[in-house]
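Q: Position chain A against the provided structure of chain S, taking the given hints into account.
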Amino acid sequence: MTSVKIKICWSSIISRLGLFALIWWILTDGAAPSWWIGVPAVLLAVITSAALIPPVSLVWYEFLRFVPFFLVRSLTGGVDVAWRAFHPGMAIAPDLITYPLRLPPGLPRVFMANTVSLLPGTLSVELGSNFLQVHVLDARKEFLPELEKVEQGVARIFGASLKDSKGGECNAAI
Amino acid sequence: MQLTDFLTLLLLLAGAGFFLAGTVGLLRFPDVYTRLHALTKADNVGLGLVVAGLVLQAESWAAMGKLLLIWLLVLLASASVAHLVARTALQKGIRPWKR
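Taken in sequence, the protein lines are chains S and A.
Counting from 17, one number per residue, gives the positions in the first sequence under this note's numbering.
Counting from 4, one number per residue, gives the positions in the second sequence under this note's numbering.
With the rest of the complex left out, here is chain S:
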C-alpha cells in the first residue's frame, strides 16, 4: 500500500467555495431560504472536487486574454463550417494530422483538445502521450500556426512551460 499524501491547498479550497456558491446563487435566483440546502450542497461539492481534481494553478490574466481569442475563433469556426455545409460542391478535403504536444499531461492537454475541437476546421480525435491527432476539414489550409498559438495560450493559462513540464506550486490555485 502506498500512503497518499494529502496536502490541503487553502487558496484552492476558497476559490472553489466561491465558485460553487456563485453557481448555487445563479441556479436559485438568489432565494435566501434555498441556502439551507445550498450550504451543505456547496460544501459537499467542494469536498468531492478536492478529492477528484487536485489544485490547478491558473493565471487569471492569461485566461481572460484567451477568452476573446477563443470567442472570435470559434465564431469563425461556425461560419466556416456553415459555409462548407451550404456550398454546392461541399468545399472539404479532410485529413488526419498529428500534432506533437509539448504541454504537461492532465488538465492542460484536455483543455487544449477541447479548444481545438471548437476552432475552425479542426477536431481532436486522439489524445496520446505526446501527440494530439487532429481531424482537419480542409487539409489545403495551414493548421500548424493556429495549433501552436492555442498550445502557447493554454501553456500561459496554466503557467506551464512548453520546454520542461513540472508541477506548479499551490499559489493562486483553483
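These aren't lab readings, by the way, just hints derived from the structure by calculation.
Glycine residues also receive a C-beta, built at the ideal position from the N, C-alpha and C atoms.
Among these hints, one or two may not hold up.
Unchecked claim - Examples of chain A residues lying across from chain S (beta carbon under 8 Å, computed):
#1 A17
#2 T43
#3 A80
#4 G96
Stated by the list, open to error - Computed footprint of chain S on chain A; a stretch qualifies when at least three of its residues, placed anywhere within it, have a C-beta under 8 Å from a C-beta of chain S:
#5 4-14
#6 34-41
#7 54-60
#8 65-77
A: Using the frame of chain S, we list chain A on its own:
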C-alpha cells in the same frame, strides 16, 4: 419595438441559421468525422447567439448567469462528446473519408 428587442430578434434568427447549417452539414457531410465538425462548431455558435439574444431580455443577474452557464456547459459537453465519438470511431477502424 425597442432596440434591445430588435437586437434579440436579430441574434435569435442568426442563431437559428447556424442550427440549420449544423443540420445541413450533418445530412450532407460524408462521414462521422466531418459530421462532428458541423455539429460541434455550428451548433455552439448557434446556441451562443441564441443565449446572447436571451441575455438581453434577462430580468436579473441570476437569469443572465443561468443562460451563460447553460452555454458553457453545452460547450464543454459537445467538445468532449465530439472527441469521444471521433476517438471511438478511429479505434473501431473507421477510415476518414478522403476526396
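Q: Looking back at the hints listed earlier, which ones does the structure fail to meet?
A: Hints 1, 3, 4, 5, 7 are the ones this structure does not satisfy, whereas the remaining hints hold.
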